[in-house]
Amino acid sequence: MKFQSDLFETAITGYGPGWITVRGERIAHSVLLSSSGERVVWPCAHFEDLGSQHFEPLALQRPELVLFGSGARLRFPPPAWIRPLIEAGIGVETMDTAAACRTYNILAGEGRRVIAALLLDAGEEAPDRLK
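Per my numbering, residue 12 is the first one in the sequence shown, and the count goes up by one each step.
Calculated from the structure, these hints are not laboratory results.
Check before you lean on any hint, since a few could be wrong.
[Stated by the list, open to error] Here are the computed distance ranges between Cβ atoms for each label pair: (1) Gly35 x Pro89: 31 to 37 Å; (2) Phe87 x Arg34: 27 to 33 Å; (3) Gly25 x Glu121: 16 to 22 Å.
For glycine and all other residues, C-beta sits at the position ideal for the given N, C-alpha and C.
Construct the complete structure from the given sequences, taking the supplied hints into account.
Structure (structure tokens):
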């Protein structure tokens, strides 16, 4: 009996403020990860840099779901940014980047066609949840 599945090509094996690790390689820039094995630099350093042009190309890949990791804190994209995905019938889930990493590993590990659009902003701090 096997209790742990083999790691897939773009498995996220670690994460922290402003970085993730994919199969042992540290990445410190925003990135698009696909369960089909693609890993592409996402040309946006901060949430404020984003626009529809960052989400529109994702619709061409026809995933079941796009997980948007919005950085250290949860921020929702305006509907206009993700309209091409919605019109293509592609689900979009927004969460902080740490949650998106965990969710991506689960869904991709199940063999789902998923893209993680992860905003990695090294200068951003997570909100103090105790205040």
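Okay, the hints, checked on the actual structure:
Roughly 36 Å separates the CB atoms of Gly35 and Pro89, a value that falls within the hinted 31 to 37 Å. The hint said 27 to 33 Å for the Cβ distance between Phe87 and Arg34, and at roughly 30 Å that hint holds. For Gly25 paired with Glu121, a C-beta distance near 20 Å keeps the hint of 16 to 22 Å intact.
When held up to the earlier numbered hints, the structure conflicts with none and fits them all.
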